[in-house]
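Line by line, the protein sequences give chains A and B.
Last residue of the first sequence: 432 (my numbering), numbering continuous.
Last residue of the second sequence: 432 (my numbering), numbering continuous.
Worth flagging that the hints you see were computed from the coordinates, not collected in a lab.
A virtual CB, placed ideally from N, CA and C, is assigned to each residue, including glycine.
Errors might be hidden in some of the hints.
Unchecked claim - Below, simulated BS3-like cross-link-like pairs (lysine-lysine); rule was C-alpha separation at most 30 Å, straight line:
hint : chain 1 : residue 1 : chain 2 : residue 2
1    : B       : Lys128    : A       : Lys391
2    : B       : Lys391    : B       : Lys415
3    : A       : Lys67     : B       : Lys315
Said to hold, decoys possible - Derived coverage of chain A by chain B (criterion: at least 3 residues anywhere in the stretch with Cβ under 8 Å from a Cβ of chain B; other residues may be distant):
hint : region
4    : 41–55
5    : 99–112
Residue-level listing of the chains:
2 protein chains.
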Amino acid sequence: MLMTEMTKEQLEEVLSQAKSEYEGYKALGLTLNMARGKPAADQLALTRGMLDAVDSSSDCKAADGTDCRNYGVLDGLKETKKLFCDMLGVKDEELIVGGNSSLNLMYDTIARNYIFGVGEGKKAWKDQGKIKWLCPAPGYDRHFAITERFGFELITVPMKADGPDMDMIERLVSEDESIKGIWCVPMYANPTGITYSDEVVRRFAALKPKADDFRIFWDNAYCVHHLTDTPDTLLNILDECKKTGNEDMVYIFASTSKVSFAGAGVAVMAASKANIDYVKYHMTIQTIGFDKINQLRHAKYFKDYEGIKAHMKKHAAIIAPKFKAVLNALDESVKPLGIGSYNSPRGGYFISFDTLDGCAKRVVSLCKEAGVVMTGAGATFPYGKDPKDSNIRIAPTLPPINELEQAMKVFICAVKIASAEKLLAK
Amino acid sequence: MLMTEMTKEQLEEVLSQAKSEYEGYKALGLTLNMARGKPAADQLALTRGMLDAVDSSSDCKAADGTDCRNYGVLDGLKETKKLFCDMLGVKDEELIVGGNSSLNLMYDTIARNYIFGVGEGKKAWKDQGKIKWLCPAPGYDRHFAITERFGFELITVPMKADGPDMDMIERLVSEDESIKGIWCVPMYANPTGITYSDEVVRRFAALKPKADDFRIFWDNAYCVHHLTDTPDTLLNILDECKKTGNEDMVYIFASTSKVSFAGAGVAVMAASKANIDYVKYHMTIQTIGFDKINQLRHAKYFKDYEGIKAHMKKHAAIIAPKFKAVLNALDESVKPLGIGSYNSPRGGYFISFDTLDGCAKRVVSLCKEAGVVMTGAGATFPYGKDPKDSNIRIAPTLPPINELEQAMKVFICAVKIASAEKLLAK
Chain A
7 MLMTEMTKEQ LEEVLSQAKS EYEGYKALGL TLNMARGKPA ADQLALTRGM LDAVDSSSDC
67 KAADGTDCRN YGVLDGLKET KKLFCDMLGV KDEELIVGGN SSLNLMYDTI ARNYIFGVGE
127 GKKAWKDQGK IKWLCPAPGY DRHFAITERF GFELITVPMK ADGPDMDMIE RLVSEDESIK
187 GIWCVPMYAN PTGITYSDEV VRRFAALKPK ADDFRIFWDN AYCVHHLTDT PDTLLNILDE
247 CKKTGNEDMV YIFASTSKVS FAGAGVAVMA ASKANIDYVK YHMTIQTIGF DKINQLRHAK
307 YFKDYEGIKA HMKKHAAIIA PKFKAVLNAL DESVKPLGIG SYNSPRGGYF ISFDTLDGCA
367 KRVVSLCKEA GVVMTGAGAT FPYGKDPKDS NIRIAPTLPP INELEQAMKV FICAVKIASA
427 EKLLAK
Chain B
7 MLMTEMTKEQ LEEVLSQAKS EYEGYKALGL TLNMARGKPA ADQLALTRGM LDAVDSSSDC
67 KAADGTDCRN YGVLDGLKET KKLFCDMLGV KDEELIVGGN SSLNLMYDTI ARNYIFGVGE
127 GKKAWKDQGK IKWLCPAPGY DRHFAITERF GFELITVPMK ADGPDMDMIE RLVSEDESIK
187 GIWCVPMYAN PTGITYSDEV VRRFAALKPK ADDFRIFWDN AYCVHHLTDT PDTLLNILDE
247 CKKTGNEDMV YIFASTSKVS FAGAGVAVMA ASKANIDYVK YHMTIQTIGF DKINQLRHAK
307 YFKDYEGIKA HMKKHAAIIA PKFKAVLNAL DESVKPLGIG SYNSPRGGYF ISFDTLDGCA
367 KRVVSLCKEA GVVMTGAGAT FPYGKDPKDS NIRIAPTLPP INELEQAMKV FICAVKIASA
427 EKLLAK
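Working from the sequences, and respecting the hints, build out all of it.
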């Protein structure tokens with residue numbers, strides 16, 4: 007029976023039972039974590055062999071003879087670039103291999119545009135007064151945090167089943183020159199798990215922003231992170247932008263953080279040649295070059311894009327059952343009560359859960375009190391403020407499956423309590 | 007006989023002989039390089055074993071149990087920090103381990119202060135109109151390039167035998183609030199090879215800048231890079247600044263680029279706890295953390311600061327003879343002619359050579375034409391403009407010793423030609 011259709015007495019009965027169950031969980035002294043999209047130890051072990059790919063017997067030479075131990079090569083080894091060019095569908099001249107963090111590449115790109123402008127002769131963002139930024143939400147808290155730190159005004163754009171609300175985006179960017187960019191996770195979006203439809207990608211490419219220095223930050227973090235044998239597909243945004251003459255409008259980011267090692271992977275940035283040339287013009291002042299031995303490790307270990315794809319199936323084998331465990335628990339205990347909605351993603355790292363309005367904070371707080379750490383309620387919205395207080399990001403990858411099942415029991419119990427309290431207060 | 011005391015006929019004879027010798031070198035089709043301070047292949051091979059320090063048999067755990075393969079740990083592994091804390095004489099809370107590039111840490115520090123100010127409540131440099139920067143010269147071109155790119159006005163400060171001209175620095179910073187910083191390479195300076203005297207360090211620590219957001223960028227790049235058994239010593243600037251109540255005035259940088267791998271080392275930044283806390287407050291928005299597996303490699307391989315010191319003796323054994331070869335050649339062929347002065351450094355990576363005034367560009371150009379690449383004349387000065395056109399940075403580490411000797415013959419021949427031409431034109 008749906009809780010929304012229950013009588014006061016029935017709700018009180020549910021609440022009473024849930025509270026009693028909850029006290030039991032609290033007594034267990036649990037310390038469980040479904041907060042961050044971190045790979046589990048057995049996933050990290052999948053690339054153990056990479057640590058031997060460049061060892062003391064290696065000459066540390068790249069295919070073109072470059073000694074990877076020494077200085078130089080600003081934009082990355084050719085063979086490492088090839089891996090990612092094939093993955094993202096871009097040319098060698100359209101890609102830079104950076105350090106271990108794509109977030110760092112994004113932050114630096116914002117900082118660069120802020121200080122120097124998006125290209126030669128363009129006005130720096132810092133000199134254009136109030137800057138606004140579009141934030142499809144629910145979205146990635148660390149994206150929002152960067153643009154918030156720079157003092158930009160964050161505008162929430164609702165997420166739909168096929169991507170962000172394009173009507174709203176088209177209208178806003180065509181009207182307002184102070185809107186300089188948008189955050190996108192176009193495939194297996196963080197946290198909603200959806201992939202932008204072909205139409206959405208084409209509408210992005212066809213945008214006619216009033217600001218000629220408007221930029222799409224296309225964080226393709228989960229482009230190879232499929233959970234099923236029938237993966238989503240995503241149109242190549244750079245190709246689409248070339249067709250519309252908008253090729254300088256997009257920066258693409260990706261990394262191997264959830265392919266090889268979360269803390270010691272390789273991150274990349276792709277864009278039009280003009281954009282990449284401009285980035286390199288500044289980057290050559292910032293650094294002599296990133297860690298080429300780690301780039302060589304990745305190239306030697308994965309060999310090619312096919313190697314990455316094959317490797318990702320091993321990740322899926324480990325984490326797909328975890329997603330299934332979360333979804334099974336929700337299907338069994340939440341769905342019949344009508345006290346939450348959630349997606350069933352075909353890839354990525356998250357399940358996005360919506361409580362009844364006004365319950366998310368209470369759920370997360372109850373979980374925390376019982377030793378289950380969730381991403382903070384609101385974190386998926388700009389300024390950490392979820393207008394409906396309903397969205398919770400579930401990250402199922404890190405805990406072992408038995409812990410995950412335990413954590414989900416606590417979570418569901420918390421959802422029941424918060425929902426009953428809410429409905430009773432009406 | 008000194009060329010400055012030669013008759014016209016004697017000079018013409020020297021010039022004629024040198025030109026004839028020069029044509030001989032050109033005919034050899036040489037491709038030699040004394041341009042950049044790059045370690046030679048045999049130096050890079052010294053840390054070959056580090057590539058096995060974390061291999062597939064490793065659990066990749068830090069001493070405190072941190073899984074180095076996963077996300078997290080913004081400021082670096084404890085044991086890696088310890089290596090550098092001992093090296094620089096600072097506390098754990100006063101240090102951050104970054105990625106592979108100290109230049110990148112410096113650039114980011116400039117950018118951070120430019121965008122956000124040097125601390126909470128401080129005005130951003132970008133909002134303070136014209137910013138000026140002190141550049142002891144000859145100095146490091148990549149330092150100057152950063153502050154030039156940010157549009158700061160670079161003020162040349164002469165280098166003396168015990169450090170930069172402190173009278174000038176004290177006067178300028180006490181008078182001019184728009185002066186926000188200074189570049190320093192305090193030990194085995196790039197390129198002059200001198201180490202700042204205790205008095206100079208104390209005078210730095212005792213500066214009373216008009217700008218309360220004036221910062222010393224103390225690039226201690228060569229702090230363990232001794233060439234002799236009687237190394238220079240450098241006072242601990244942070245300790246000295248604590249004594250004068252100026253502890254927030256200095257940022258210290260170092261790296262293992264010339265200890266382990268130039269392209270895949272570990273870089274660090276040290277400063278007062280207040281400064282480090284502020285850097286972390288921003289850095290946590292910029293990245294989730296740097297490459298911890300590489301940090302672990304360094305900690306496991308070197309074990310402790312004593313390990314680094316012992317290792318540096320191996321570097322000295324390789325490069326000290328190269329310095330000696332350069333100096334011997336100069337002593338033999340330049341000194342008797344009085345056509346150049348140069349230092350004899352006890353550490354670092356460079357020999358700084360001063361031609362007769364107005365000859366440096368000509369020398370570098372002649373070298374280039376004969377296949378010997380030198381650092382561009384003027385590169386050691388702000389804006390690449392050496393007012394006397396006399397300083398040339400010689401980087402002897404990269405070429406094998408036989409190539410170095412060959413390159414020095416060409417160099418000395420070029421110095422003779424340029425000097426004779428100059429003296430004849432008087």
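Hints and how they fare:
1. Lys128/B with Lys391/A: holds, 28 Å
2. Lys391/B with Lys415/B: holds, 26 Å
3. Lys67/A with Lys315/B: Given that 30 Å is the threshold and the Cα spacing comes to 28 Å, the pair holds.
4. 41–55: holds (count 7)
5. 99–112: That given contact holds, which follows from 5 residues of the region 99–112 of chain A lying within Cβ reach (below 8 Å) of chain B.
Checked against the numbered hints above, the structure breaks none of them.
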